[in-house]
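One line per chain: the protein sequences are Y and W, in this order. Mapping to my numbering: the first sequence position 36 is 36, numbers consecutive. Mapping to my numbering: the second sequence position 216 is 216, numbers consecutive.
To be clear, the hints were calculated from the coordinates, so they are not data collected in a lab.
No distinction is drawn between identical chains; accordingly, a pair holds when it is met within one copy or between any pair of copies.
Simulated crosslink set (DSSO-like; lysine-lysine; CA at most 30 Å straight-line):
{"id": "1", "residue 1": "K209", "residue 2": "K281"}
{"id": "2", "residue 1": "K209", "residue 2": "K43"}
{"id": "3", "residue 1": "K20", "residue 2": "K107"}
There are 2 protein chains.
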Amino acid sequence: MGPRVTRRHVVQQILRGRSKEPVREQGIGRAPVNIALCKYWGKRDAELNLPRNSSLSVTLPGMEVEMRVEVSGEGRDEVVLEDNRLPQDEAAFQRVVEYLDLFRGAKGLRFRVESRSAVPPAAGLASSAAAFAALVRALDALFGWELTPRELSILARLGSGSACRSIFQGAVVWQAGRRRDGMDSFARPLNIVWPEFRMGLVLISTAEKAVGSRPGMNHTVETSPLYSRWPAVAEQDLQRMLAALEGRDMGALGGLAESNALCMHATMIAARPPLLYWEPKTVSAMKRVWAMRQEGRRVYFTIDAGPNLKLIYPVEEARVVREVFGEVREFAPLTESASCS
Amino acid sequence: MGPRVTRRHVVQQILRGRSKEPVREQGIGRAPVNIALCKYWGKRDAELNLPRNSSLSVTLPGMEVEMRVEVSGEGRDEVVLEDNRLPQDEAAFQRVVEYLDLFRGAKGLRFRVESRSAVPPAAGLASSAAAFAALVRALDALFGWELTPRELSILARLGSGSACRSIFQGAVVWQAGRRRDGMDSFARPLNIVWPEFRMGLVLISTAEKAVGSRPGMNHTVETSPLYSRWPAVAEQDLQRMLAALEGRDMGALGGLAESNALCMHATMIAARPPLLYWEPKTVSAMKRVWAMRQEGRRVYFTIDAGPNLKLIYPVEEARVVREVFGEVREFAPLTESASCS
Chain Y
1 MGPRVTRRHV
11 VQQILRGRSK
21 EPVREQGIGR
31 APVNIALCKY
41 WGKRDAELNL
51 PRNSSLSVTL
61 PGMEVEMRVE
71 VSGEGRDEVV
81 LEDNRLPQDE
91 AAFQRVVEYL
101 DLFRGAKGLR
111 FRVESRSAVP
121 PAAGLASSAA
131 AFAALVRALD
141 ALFGWELTPR
151 ELSILARLGS
161 GSACRSIFQG
171 AVVWQAGRRR
181 DGMDSFARPL
191 NIVWPEFRMG
201 LVLISTAEKA
211 VGSRPGMNHT
221 VETSPLYSRW
231 PAVAEQDLQR
241 MLAALEGRDM
251 GALGGLAESN
261 ALCMHATMIA
271 ARPPLLYWEP
281 KTVSAMKRVW
291 AMRQEGRRVY
301 FTIDAGPNLK
311 LIYPVEEARV
321 VREVFGEVRE
331 FAPLTESASC
341 S
Chain W
1 MGPRVTRRHV
11 VQQILRGRSK
21 EPVREQGIGR
31 APVNIALCKY
41 WGKRDAELNL
51 PRNSSLSVTL
61 PGMEVEMRVE
71 VSGEGRDEVV
81 LEDNRLPQDE
91 AAFQRVVEYL
101 DLFRGAKGLR
111 FRVESRSAVP
121 PAAGLASSAA
131 AFAALVRALD
141 ALFGWELTPR
151 ELSILARLGS
161 GSACRSIFQG
171 AVVWQAGRRR
181 DGMDSFARPL
191 NIVWPEFRMG
201 LVLISTAEKA
211 VGSRPGMNHT
221 VETSPLYSRW
231 PAVAEQDLQR
241 MLAALEGRDM
251 GALGGLAESN
261 ALCMHATMIA
271 ARPPLLYWEP
281 KTVSAMKRVW
291 AMRQEGRRVY
301 FTIDAGPNLK
311 LIYPVEEARV
321 VREVFGEVRE
331 FAPLTESASC
341 S
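Pulled out of the complex, with its shape left as it was, chain Y reads as follows (with noise of 0.2 Å):
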């Protein structure tokens, strides 16, 4: 089996002859939120956050978080989100401290991360992903190491697996790749050009969930005696996925990505204790998406760890979800200047 490899061998095989010191004042990076039509659920190795399966997602247009790092004045790390400088009991603060550990070098830079979000807390999106991805563009730009993209997208997934498909727009896949130093586990973009094709958020609550995505990931694959069969369904679904996409087919898609969702969250349900994301008013929404499909309306969704809905309609079905929903946060994830930017 040789060694275990650690997130600091991947830093450093990564960033190996590249500068370690900074070489401007101030590194800015942004990147979007992806919501994941093909989910990521459940990891093979925890510290590099490498995934049992690979994933597929698309970016939302404008929701986009920014971040900008420079080396701090005052010996230690400061992480300030809005305005709002995190204490240091808190979790995010120390999630985020020890991505940076992996990049202060011999002289033990300390950093100060000020992130801004164009996500309104009120639109129920976990924005992590697009934080780490975003952190990620501003160390490289403040270090100068001019990565690729796919060497970027392996940095992002250190600190949040689905972080690897926030450095792209459009559709993406996150390909979950066979090594154990996961040089092979990165995303790539699809540059599919769609631009009826569209995603309507329908939120329920955004209050903070009991159980986080990550622990409810875990959970979930250490108790559900149905999870073993996530990874294969999976792959099929993304196979038939990208091929519904190359096609424009948005029954198909649509279909797809919800019956993925739900694969998800079946695997949680039967996790013991049970896992359930769901709140009532999540169930009344479903059965709202399915009365419409009765009714010959290619509606679908999807659901993350939490308890909104994520419509996926061709634009032609958008008033009759107003109509349905109310009004809805609509994004076009696959115009052209959406996804090839």
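Since chain Y is already given, all that's left is putting chain W on it; use the hints.
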């Protein structure tokens, strides 16, 4: 593999040498509703109702169906439920008639079947298992066969799988068996006396289900990518539940029953298209149970292929169950008189 075994073969084998003529005017049979703690979900033989996994249930004292059978003077079958004669084009009529086809003998007898149920329609309890068990008992009385309980259980299974459990009282195991003719697939009573054990019905809806449990089961077996894990999960759950029953361990039994039910629902949720029997209020009720457990209460639930919860708890929790859920219809299925009659 040999030829396919039909229901007719099984009936011939069991009734060999027994009377094919009624020995009295009318046969009367009664049988109770049963609620599974380890669910029957999926068939290995659709005609013989042979299950893919063994299951465990308790019967609900007083929730009985009574069947009266006599030879019809009218030359055709009549099925009368609570004084209402079923139309010939109703599915329930067809199902009973096809079952009666197995018992007509050389004379091609036609029957009048009258059913009365002590199960209020508003209880949200499916009573077809109790109905077929009662019908078998009524036929046994009409023809004077004097079959053993095991033989009655096998014949009841031919009408409705879980009917084989309703031949007995109290805690009952249906062993899946392995034989192609199903002669080893029957129920047996465990004779567990546990006076503190309670089951409470939480009624969410009595509306007729959009998908019955029989087609729901078949759809799940055929399309759910998670189903293949179910039979092994259920067999293991059953062994653990038997140990928990033996040890009168409410926490273990309740937790296993709840997880087993959720695992069954998870296989449906992952079916394609998905199958969700829950209503929004089902989710609220589940969350209420989990909140009670957070407060140290030993209250658990099971859910059949429908929206209603059946709570499982020791008698000490009866008061707090009423406080949280209002009046629930409560049963003591494992008292001496309920288990061993």
